[in-house]
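Colleague: The lines below spell out each chain.
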Amino acid sequence: MIEMKDVQKTYHNGVTALQGIDIKVEQGEFVYVVGPSGAGKSTFIRLMYREVKPTNGEVLINNHNVAKLKEKEIPMLRRGIGVVYQDFKLLPALTVYENVSFALEVIEDSPKKIRRKVMDVLDLVNLKNKARFKPAELSGGEQQRVAIARAIVNSPKVMIADEPTGNLDPDTSWEIMKIFEEVNARGTTVIMATHSKDIVDTLKKRVIAIEHGRVVRDEQRGDYGYES
Amino acid sequence: MIEMKDVQKTYHNGVTALQGIDIKVEQGEFVYVVGPSGAGKSTFIRLMYREVKPTNGEVLINNHNVAKLKEKEIPMLRRGIGVVYQDFKLLPALTVYENVSFALEVIEDSPKKIRRKVMDVLDLVNLKNKARFKPAELSGGEQQRVAIARAIVNSPKVMIADEPTGNLDPDTSWEIMKIFEEVNARGTTVIMATHSKDIVDTLKKRVIAIEHGRVVRDEQRGDYGYES
Amino acid sequence: MNREVTTVMKARTLKRHLREGSKNILRNGWMTFASVASVTTTLILVGVFLVIMLNLNEMSEKVEEDVQIRAFIDIAANQEDIDALEKEITKLSEISTIEYSSKEEELENLMSSLGADGEAMAMVNQDNPLNAAFIIKTADPMDTFDVAKKIKSFDHVSSVEYGNNVIQKLFTFNEYARYIGIGLIAALVLTAAFLISNTIKITIMARSEEIGIMKLVGATNGFIRWPFFIEGLLMGILGSIVPIILVIGGYYYLYENMKDRTFVPFFELIPFSPFVWQVSLILLGIGAFIGVWGSVMSVRKFLKV
Amino acid sequence: MNREVTTVMKARTLKRHLREGSKNILRNGWMTFASVASVTTTLILVGVFLVIMLNLNEMSEKVEEDVQIRAFIDIAANQEDIDALEKEITKLSEISTIEYSSKEEELENLMSSLGADGEAMAMVNQDNPLNAAFIIKTADPMDTFDVAKKIKSFDHVSSVEYGNNVIQKLFTFNEYARYIGIGLIAALVLTAAFLISNTIKITIMARSEEIGIMKLVGATNGFIRWPFFIEGLLMGILGSIVPIILVIGGYYYLYENMKDRTFVPFFELIPFSPFVWQVSLILLGIGAFIGVWGSVMSVRKFLKV
Ligand SMILES: Nc1ncnc2c1ncn2[C@@H]1O[C@H](COP(=O)(O)OP(=O)(O)OP(=O)(O)O)[C@@H](O)[C@H]1O
Ligand SMILES: Nc1ncnc2c1ncn2[C@@H]1O[C@H](COP(=O)(O)OP(=O)(O)OP(=O)(O)O)[C@@H](O)[C@H]1O
Ligand SMILES: [Mg+2]
Ligand SMILES: [Mg+2]
Chain A
1 MIEMKDVQKT YHNGVTALQG IDIKVEQGEF VYVVGPSGAG KSTFIRLMYR
51 EVKPTNGEVL INNHNVAKLK EKEIPMLRRG IGVVYQDFKL LPALTVYENV
101 SFALEVIEDS PKKIRRKVMD VLDLVNLKNK ARFKPAELSG GEQQRVAIAR
151 AIVNSPKVMI ADEPTGNLDP DTSWEIMKIF EEVNARGTTV IMATHSKDIV
201 DTLKKRVIAI EHGRVVRDEQ RGDYGYES
Chain B
1 MIEMKDVQKT YHNGVTALQG IDIKVEQGEF VYVVGPSGAG KSTFIRLMYR
51 EVKPTNGEVL INNHNVAKLK EKEIPMLRRG IGVVYQDFKL LPALTVYENV
101 SFALEVIEDS PKKIRRKVMD VLDLVNLKNK ARFKPAELSG GEQQRVAIAR
151 AIVNSPKVMI ADEPTGNLDP DTSWEIMKIF EEVNARGTTV IMATHSKDIV
201 DTLKKRVIAI EHGRVVRDEQ RGDYGYES
Chain C
1 MNREVTTVMK ARTLKRHLRE GSKNILRNGW MTFASVASVT TTLILVGVFL
51 VIMLNLNEMS EKVEEDVQIR AFIDIAANQE DIDALEKEIT KLSEISTIEY
101 SSKEEELENL MSSLGADGEA MAMVNQDNPL NAAFIIKTAD PMDTFDVAKK
151 IKSFDHVSSV EYGNNVIQKL FTFNEYARYI GIGLIAALVL TAAFLISNTI
201 KITIMARSEE IGIMKLVGAT NGFIRWPFFI EGLLMGILGS IVPIILVIGG
251 YYYLYENMKD RTFVPFFELI PFSPFVWQVS LILLGIGAFI GVWGSVMSVR
301 KFLKV
Chain D
1 MNREVTTVMK ARTLKRHLRE GSKNILRNGW MTFASVASVT TTLILVGVFL
51 VIMLNLNEMS EKVEEDVQIR AFIDIAANQE DIDALEKEIT KLSEISTIEY
101 SSKEEELENL MSSLGADGEA MAMVNQDNPL NAAFIIKTAD PMDTFDVAKK
151 IKSFDHVSSV EYGNNVIQKL FTFNEYARYI GIGLIAALVL TAAFLISNTI
201 KITIMARSEE IGIMKLVGAT NGFIRWPFFI EGLLMGILGS IVPIILVIGG
251 YYYLYENMKD RTFVPFFELI PFSPFVWQVS LILLGIGAFI GVWGSVMSVR
301 KFLKV
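Protein chains in written order, with full-length UniProt numbering: chain A, 1 to 228; chain B, 1 to 228; chain C, 1 to 305; chain D, 1 to 305.
Because the hints were derived from the structure by calculation, they are not lab data. Among the hints, erroneous ones may be present.
Claimed, not checked - So these bits of chain A aren't anywhere near chain B, every CB distance computed over 10 Å: (1) Arg-50; (2) Glu-51; (3) Glu-105; (4) Glu-181; (5) Lys-197.
As the list claims (entries may be wrong) - Where chain D lies over chain B, by a calculated footprint (3+ residues, C-beta under 8 Å): (6) 76-88; (7) 97-109.
All C-beta atoms, glycine included, are put in the ideal place defined by N, C-alpha and C.
Bound conformation, chain A alone:
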């Protein structure tokens, strides 16, 4: 389903963030991506929805080479992937509600459906009462939950989350993980970059460890693996 063949990514400033990446993730898997700060986790994730293009090698989604997608096909790719960005990437001028509904307006859902889906998902992340607030009026953890809501609202086939619990307290983090597991149970592939040893070691899943831009470990039901 998602496959990388000998992928290398060198940014325009000459930093090689990834190299020699060969990985395959099947539909419905749940994968943790772990590794130290600056290892290349976010870059690894960005390749999948083509925020960045690989410098070398191939990234295949459903056997389509992502790098070769035509300009017009990219929106379609991205609509199939829900992403929680490490820096949230909320639209500052829009309210919480509008931020989440944007993902549905893009696929031209009916206003009625949009309303129901958005309220449901805001309820799920416990932000129903902040629907009319702007991102700047939210706490860090609240913003992160809006980003999560937007990522799952249109029931994507793939869900990618970059450090989705970095600004959340442990209790809330577990609630979010419960949501991710439910989403995964419905058949969605979940790929999650995280620094949370607690989560990785408790909810055992496949673990891909990246260090200095290379995959150094790839275990089913692995653990976080770094000593604290």
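Following the hints, complete the assembly by docking chains B, C and D with the ligands onto the known chain A.
Modeller: Frame of chain A, contents of chains B, C and D with the ligands only:
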């Protein structure tokens, strides 16, 4: 040294983020601020360097009422407080080096001293080799470390950190905590909002727990206290 | 998953774009205000200029229409010769009117135009030394010189005159002034276009990050562009309201105050209606067009994310 | 800790501001470019206008200077009367020159100004019906009417004339045109000022978050404002380069091409130097001033964080 007397903060949108806050922090203390997402930790912290003004009550720094500072006195207050913002607040147009040196240029340090201090502190957070990069070219964790470097570069009397390890792996987090302890050992008051149960429970310090805008616990050598 | 996005828009999506476009006007309050203010200022300038230039043009055309050719007929010419000459002149395609003026009429004319000198000369009336003449007007005053030259070569024409020196100077002067005027208007409209779209470009630049986020969330270029299109249109229209009001009000005031005081003969304003409506329409058109053009062009740059 | 920040700046800090201000020009590449482009366009417009208006003004002044009063002397007046009249006229403070013109000179004058008609009248020379006259010029052409009226009331003045009808019309026309011109220039400069500062304001608005961050890190308002001041100054200067080059080059071309072709007598350009240098200086001044003013004013708004 830092004192809040019956402080209440209601944002312009009507959300009361804090109320009835009575707290005193002595010079040289190390304080964790914990609590669930949206509890009011960041607001509590923002009051100290006057990013926000209290709606009611008094915030005293060295017995000066922060709310009553004249416009011209505010820069002086802020220069004495190093802050790691939850959302980093790096200047996007400046390089890593320039972002850190900015805090020293503001106090009109000599160029030589600036250079030495900045390189030292970048070395400390392990970013010497990224000194010429722009924030957008850094990973989340690297940006966070730049924010930390800027906060400590001018050896402030008080250091405030809002979730400073949220985007860091456990190893790096511990390195940062070591730095904080050193800073604290040199007499700097450290106030740190965090969600890291690991850190709070391991490096035992004073813990202030905030829930729904109220201080619900204030213990010396407390622990994180929330079940995970 | 890799299908292309269909390009046919659902009605509800168009509605969404209209709503978003209008909302953006409010959301980006300060920026919008600054953009609209730019449009307003520029269009006021264009409006004032248009009114002045069009009026000056009208006036100078009127002055020029007064320019007539006076072809003096040889004293030796008999009635037959005169008739033949008239026919010949009438054949010239540039001619609009031709009129015969006898010796006596000519003298009277000269005397009245001379004022004091003329009165003094009244005594020489009996000795009238002047010739009869044809007074000719051309359809296009610009042809005056050519026609005069042609007529001069005809038989029985002793000499040809067209206006006196000053009028002639004024004529050339007017011609230049008009070219300059047209040039200025064109330059002004182009500058306005550039300035407005430049302002809008900057406001959109400030939102380039937002556009990037929209693309990441799966929005097509068209989806992103539409609200900007609406926003640009609205900004252009909003920006042209004040200039239009000023032009209408100002011209009304001016016109009402000037129409009775024709202290200078050719200083007469173009009638209020439909002139102001036409100018208003031009301003609205420039505003709307440039608003749309400025924003759509600027968005394009950021769609290549 | 609560001392006020001292306001005396260290030399190295000024150096730092100069460096930062210049760097910002590059850092905000696109925005700067857009701002500078706005300044450039606006100043080109102002420059072209200035040159045209100043020239037209000069020309119309020249035309007016040609306006002279002709006071015809009573035929009955003897030499003594004439001398007395001359003294009386000379006493008027508005007068700049006075000249006597005999009957014969007057006739010659009339004949040459009449062209063909004049020749025809050569035969009536012996019967010269005209009066002798004083030809008077006023220091300020605007005084012509007043002076003429006064002279008319003097003894032995049979009648007074000042220019013929068309010149008189032109006169009034020029006066209006000049007011309009001055009004337009003023409006244009103000508009330019507004547009430029507006553009700069938007670019700074886009950086309001940065300004907020700087304040949080402990920067004083002055510290933040300085680089913006330098940046505004540089943008203003950069923006005036192209307009200045265009004005100098364009005027040089025009002047060189026009100076030999004086096909219209009063259509004569103001000499190249020092005129263009003055205009260039004005443009540079407007650019620099507005650049600084625009950015400093805009920053102010965001310093209240
Ligand atoms: N847009 C960019 N341009 C240039 N270099 C970049 C860019 N993004 C990341 N890098 C560099 O690539 C490397 C890997 O970055 P990446 O964001 O993938 O790390 P990460 O594993 O996500 O780290 P973290 O845990 O801190 O988020 C880093 O060294 C970083 O400096
Ligand atoms: N600028 C603001 N304007 C309006 N409301 C705000 C603003 N900042 C925060 N709030 C509200 O105040 C409450 C407390 O926010 P605060 O940022 O202090 O929480 P927090 O404890 O830091 O949470 P987190 O752990 O998620 O960062 C939240 O409900 C939030 O919605
Ligand atoms: Mg990352
Ligand atoms: Mg917070």
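Colleague: What are the numbers of the hints the structure violates, in ascending order?
Modeller: When the structure is compared with the hints, only number 5 turns out to be violated.
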